[in-house]
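Trainee: Sequence:
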Amino acid sequence: MRRFLFATHGDLSKSFIDAVSLIVGDTSNVSYFQMTKNKSGDSAKDELRKILKNKKEEDQFIVLTDMFGGSVCNICTELLMELQNFELLTGVNLPMTLTVLLAGEDTSTEDLISQGLQAGKDGIVHLNQLLASQKGSANDDLFSEN
Numbered sequence: 809m810r811r812f813l814f815a816t817h818g819d820l821s822k823s824f825i826d827a828v829s830l831i832v833g834d835t836s837n838v839s840y841f842q843m844t845k846n847k848s849g850d851s852a853k854d855e856l857r858k859i860l861k862n863k864k865e866e867d868q869f870i871v872l873t874d875m876f877g878g879s880v881c882n883i884c885t886e887l888l889m890e891l892q893n894f895e896l897l898t899g900v901n902l903p904m905t906l907t908v909l910l911a912g913e914d915t916s917t918e919d920l921i922s923q924g925l926q927a928g929k930d931g932i933v934h935l936n937q938l939l940a941s942q943k944g945s946a947n948d949d950l951f952s953e954n
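Here the working numbering is used: the sequence shown runs in plain steps of one and ends on residue 954.
Simulated from the structure, these hints should not be mistaken for lab results. Take these hints with a grain of salt, some might be off.
[Unchecked claim] Within a straight-line C-alpha distance of at most 25 Å, the following computed DSS-like cross-link-like pairs (lysine-lysine) qualify:
#: 1; residue 1: Lys943; residue 2: Lys929
#: 2; residue 1: Lys822; residue 2: Lys864
#: 3; residue 1: Lys863; residue 2: Lys853
#: 4; residue 1: Lys822; residue 2: Lys858
#: 5; residue 1: Lys847; residue 2: Lys863
#: 6; residue 1: Lys822; residue 2: Lys863
#: 7; residue 1: Lys858; residue 2: Lys847
#: 8; residue 1: Lys845; residue 2: Lys858
#: 9; residue 1: Lys929; residue 2: Lys822
#: 10; residue 1: Lys822; residue 2: Lys847
#: 11; residue 1: Lys861; residue 2: Lys822
#: 12; residue 1: Lys864; residue 2: Lys845
#: 13; residue 1: Lys845; residue 2: Lys822
#: 14; residue 1: Lys853; residue 2: Lys864
#: 15; residue 1: Lys861; residue 2: Lys847
Generate the whole structure from the sequences, applying the supplied hints.
Mentor: What follows is the structure, given as structure tokens:
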């Protein structure tokens, strides 16, 4: 079974889970880690290590962090080199999240990661520029009435 861990600064990871639960329902295979200003790097690393080691042999963790080069990502990278038992993605956003969580168990991990990264990139759009390039208006099918 795939398990997902959102590891971010502050409340962002819990907020991702709340948003995803609103859209897809059950998120029993999803957990989160919050880095706070009161948590030292060592205690954060210990907490994350415990989470990542607490899995069945057949379970696979996919860890999603908020920012490449940030403290959470750096700690997860250290743990990846130590444990070598999970996949690590960074720059998480909602399109990436939905793509990886909604992929079926029959989707290979490699494909899931590739699709998730692409969805994350595709979800970043400067709408002013898009509308200007398409000479868009409110009557275009680009907009939804719902």
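Trainee: Is the straight-line distance between the alpha-carbon of Lys858 and that of Lys847 25 Å or less?
Mentor: holds, 15 Å
Trainee: Would the hint linking Lys864 and Lys845 be met if the CA-CA limit is 25 Å?
Mentor: violated, 31 Å
Trainee: Verify the proposed pairing of Lys845 with Lys822, using a straight-line Cα cut of 25 Å.
Mentor: Cα-Cα ~16 Å, so holds.
Trainee: For the pair we were handed, Lys863 and Lys853, check the Cα-Cα distance against 25 Å.
Mentor: holds, 17 Å
Trainee: Keeping to a limit of 25 Å between CA atoms, is the pair of Lys929 and Lys822 held or broken?
Mentor: Distance of about 22 Å is within 25 Å: holds.
Trainee: Verify the proposed pairing of Lys847 with Lys863, using a straight-line Cα cut of 25 Å.
Mentor: Distance of about 24 Å is within 25 Å: holds.
Trainee: Measure nothing beyond the straight line between the CA atoms of Lys853 and Lys864; if it is 25 Å or shorter, mark the hint as holding.
Mentor: holds, 20 Å
Trainee: Are the Cα atoms of Lys845 and Lys858 separated by 25 Å or less?
Mentor: Holds. Lys845 to Lys858 sits at ~20 Å (cutoff 25 Å).
Trainee: Need the status of pair Lys822, Lys847: alpha-carbon distance at most 25 Å?
Mentor: holds, 17 Å
Trainee: Are Lys822 and Lys858 close enough, with their CA atoms no more than 25 Å apart?
Mentor: holds, 18 Å
Trainee: Are the Cα positions of Lys861 and Lys822 separated by 25 Å at most?
Mentor: holds, 21 Å
Trainee: What's the verdict on Lys822 and Lys864, does the C-alpha distance respect the 25 Å limit or exceed it?
Mentor: holds, 23 Å
Against the hints set out earlier in the document, a violation occurs for number 12 only.
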